Amino acid sequence: MTALEKNILDILTEDARITPKKIAAMLSVDENEVKTRIARMEKTGVIVKYTAIVNDEAADESVVEALIEVKVTPKKKEGFDGIAKQIAAFPEVKSVYLMSGAYDLAVLIEDRSLQQVARFVSERISTFDGVISTATHFLLKKYKIEGTVTEREDADNRILVQA
Amino acid sequence: MRDFVNQKAKLLQPSGIRKFFDIVRETEGAISLGVGEPDFVTPWKVRAAAITSLQRGYTQYTGNRGIPALLELISRYLSERFALDYDPKHILITVGGSEAIDLALRACVERGEEVLIPDPAYVSYSPLVTLADGVPVQVECREEDNFVLKPEYLERAITEKTKAIILTYPNNPTGAIMTKEELEKIAAVIVKHDLLVITDEIYAELTYGKKHVSIAGLPDMKERTIYISGFSKAFAMTGWRMGYVCAPAAIDEAMFKIHQYGIMCAPITSQYAAIEALKDGFSDDFATVEDMRDSYDKRRKFVLHSLAEIGLQCFEPQGAFYAFPSVKASGLSGEAFAESLLKEEKVAVVPGSAFGSFGGDNVRLSYATSMQSLSKAFDKMGAFLSKRK
Numbered sequence: 001m002t003a004l005e006k007n008i009l010d011i012l013t014e015d016a017r018i019t020p021k022k023i024a025a026m027l028s029v030d031e032n033e034v035k036t037r038i039a040r041m042e043k044t045g046v047i048v049k050y051t052a053i054v055n056d057e058a059a060d061e062s063v064v065e066a067l068i069e070v071k072v073t074p075k076k077k078e079g080f081d082g083i084a085k086q087i088a089a090f091p092e093v094k095s096v097y098l099m100s101g102a103y104d105l106a107v108l109i110e111d112r113s114l115q116q117v118a119r120f121v122s123e124r125i126s127t128f129d130g131v132i133s134t135a136t137h138f139l140l141k142k143y144k145i146e147g148t149v150t151e152r153e154d155a156d157n158r159i160l161v162q163a
Numbered sequence: 001m002r003d004f005v006n007q008k009a010k011l012l013q014p015s016g017i018r019k020f021f022d023i024v025r026e027t028e029g030a031i032s033l034g035v036g037e038p039d040f041v042t043p044w045k046v047r048a049a050a051i052t053s054l055q056r057g058y059t060q061y062t063g064n065r066g067i068p069a070l071l072e073l074i075s076r077y078l079s080e081r082f083a084l085d086y087d088p089k090h091i092l093i094t095v096g097g098s099e100a101i102d103l104a105l106r107a108c109v110e111r112g113e114e115v116l117i118p119d120p121a122y123v124s125y126s127p128l129v130t131l132a133d134g135v136p137v138q139v140e141c142r143e144e145d146n147f148v149l150k151p152e153y154l155e156r157a158i159t160e161k162t163k164a165i166i167l168t169y170p171n172n173p174t175g176a177i178m179t180k181e182e183l184e185k186i187a188a189v190i191v192k193h194d195l196l197v198i199t200d201e202i203y204a205e206l207t208y209g210k211k212h213v214s215i216a217g218l219p220d221m222k223e224r225t226i227y228i229s230g231f232s233k234a235f236a237m238t239g240w241r242m243g244y245v246c247a248p249a250a251i252d253e254a255m256f257k258i259h260q261y262g263i264m265c266a267p268i269t270s271q272y273a274a275i276e277a278l279k280d281g282f283s284d285d286f287a288t289v290e291d292m293r294d295s296y297d298k299r300r301k302f303v304l305h306s307l308a309e310i311g312l313q314c315f316e317p318q319g320a321f322y323a324f325p326s327v328k329a330s331g332l333s334g335e336a337f338a339e340s341l342l343k344e345e346k347v348a349v350v351p352g353s354a355f356g357s358f359g360g361d362n363v364r365l366s367y368a369t370s371m372q373s374l375s376k377a378f379d380k381m382g383a384f385l386s387k388r389k
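Just so you know, the sequences run in chain order R and H.
Last residue of the first sequence: 163 in our numbering, with the numbers rising by one and none dropped.
Last residue of the second sequence: 389 in our numbering, with the numbers rising by one and none dropped.
Hints are supplied without guarantee of correctness; some may be wrong.
Said to hold, decoys possible - Pulled a few chain R residues facing chain H out of the computed Cβ check, cut under 7 Å:
| no. | residue |
| --- | --- |
| 1 | 25 |
| 2 | 26 |
| 3 | 158 |
| 4 | 162 |
These aren't lab readings, by the way, just hints derived from the structure by calculation.
Source: prediction; values computed, not measured.
Here a beta-carbon is modelled for each residue, glycine too, at the ideal position from N, C-alpha and C.
Take the sequences, apply the hints, and build the full model.
Take a look at the structure:
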């Protein structure tokens with residue numbers, strides 16, 4: 001990745017809705033250059049998708065999220081990849097990470113209720129060949145999401161006009 | 001009853017900004033590009049260090065000069081970042097850079113002596129000279145000269161009463177900086193006329209492209225220079241009021257006495273915060289400061305681009321976080337532009353006239369403001385200008 005692409009990503013990860021024109025102005029480059037780079041990063045999968053960070057609590061949205069620790073016996077040839085990909089394919093699953101340490105896969109899941117999550121663990125994940133054990137932790141409160149603190153500091157207390 | 005108010009204080013002009021501030025405050029939903037401080041909150045590590053100092057019970061006076069560890073760190077900081085050589089025993093921690101300016105003037109200026117001040121410049125210098133019984137003399141800095149102080153203008157302003165010159169680069173409100181070569185030319189005039197330099201370098205960390213050079217580091221200048229800086233701008237610490245001043249021994253001693261009797265010492269909590277800001281800075285090459293500067297730079301470029309797009313001509317600022325465009329294209333003076341823009345589009349900028357007598361056709365925009373606000377503000381300014389074409 002070039003320095004320009006890195007700069008573009010820095011700006012986009014802060015505000016994905018900003019226009020290429022504004023990015024171009026901020027970096028003193030041509031607008032078309034920015035568009036080309038973004039298209040390239042989209043195509044090569046550097047940019048996965050553009051999304052909104054939602055604070056469910058503030059949105060009054062009742063979803064249940066859980067972090068499931070999964071211990072797995074790696075398969076010959078494919079190691080952890082096969083089972084990780086199968087778990088990742090479920091729409092309820094938000095993220096799947098291979099971890100170092102006491103367990104192997106960290107699975108972040110989101111569903112409508114506690115029962116739904118419980119069913120997903122017992123009926124889906126546990127039944128995979130190779131899964132040794134699971135430990136499910138429900139998320140209680142989010143203090144920081146994707147680098148953004150949910151309860152904002154009093155945004156701007158500055159005096160409006162100053163020397 | 002007698003009139004109890006001192007005549008000097010009575011005749012002091014209220015800040016031109018104050019009047020404008022009152023109008024802005026009453027304008028609901030205004031976007032302000034008039035703010036004169038970083039839009040970053042002090043980094044958490046620094047705040048945490050202050051909290052810890054309180055938990056440990058550090059709530060007393062410190063020595064008049066400041067906490068020795070902080071003086072040591074500032075000495076090292078000035079040496080490593082700006083190649084300046086100041087012994088901790090000639091550094092004095094002040095309540096913001098503001099106190100340092102006041103101390104410098106009171107310690108050195110005799111009644112009737114003239115102090116040269118670049119114009120446009122920050123609003124406090126001239127009133128503080130007056131309060132110190134001196135006579136402020138404005139030296140014009142012109143846009144066609146990139147707002148730097150030219151030796152010929154300086155030479156013209158000097159009389160036998162001239163005692164000192166205030167330098168203030170990177171400059172608020174113009175964003176101008178002075179290069180080493182430009183400073184050398186000024187230094188020659190200063191030495192020739194045996195003047196004292198009071199240099200306020202509070203924005204030193206915020207330059208874009210060229211690295212800041214201090215006049216205090218030029219040959220033969222240290223002994224006639226009072227160097228002022230602080231934590232407000234570079235470390236996003238305005239409210240902590242952490243400044244410092246470095247000066248030759250005799251001047252330092254005079255300032256020390258005024259500080260000792262008038263202030264006693266800078267707040268201890270703020271001093272502990274400043275210690276952390278520097279320690280943290282040394283641990284990672286001042287990455288936090290660099291990140292903030294990088295963020296300002298992106299917005300600076302956006303502002304310059306947007307100004308060109310809406311048809312306002314602007315000198316390219318190289319430092320601080322202000323742009324100082326000319327609004328001549330609108331057919332309005334800076335003051336009329338600022339007032340109408342606020343009334344019609346609810347965008348606040350500061351008229352250049354607030355910063356002296358030579359910025360009347362300009363306004364100051366602060367880009368220490370979120371990209372969202374800047375974008376909106378420029379859309380509105382564009383609409384405002386197109387009505388006038």
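*Go through the hint on residue 25 of chain R and say holds or violated, using the shortest Cβ distance to chain H against 7 Å.*
Holds. Min distance 4 Å.
Given residue 158 of chain R as an interface hint, is the shortest Cβ-Cβ distance to chain H below 7 Å? holds, 5 Å
Verify the interface restraint on residue 26 of chain R: the C-beta must sit less than 7 Å from at least one C-beta of chain H. holds, 4 Å
Q.
Quick check on residue 162 of chain R please, does its C-beta sit within 7 Å of some C-beta on chain H?
A. holds, 4 Å
Of the numbered hints stated above, none is contradicted by the structure.
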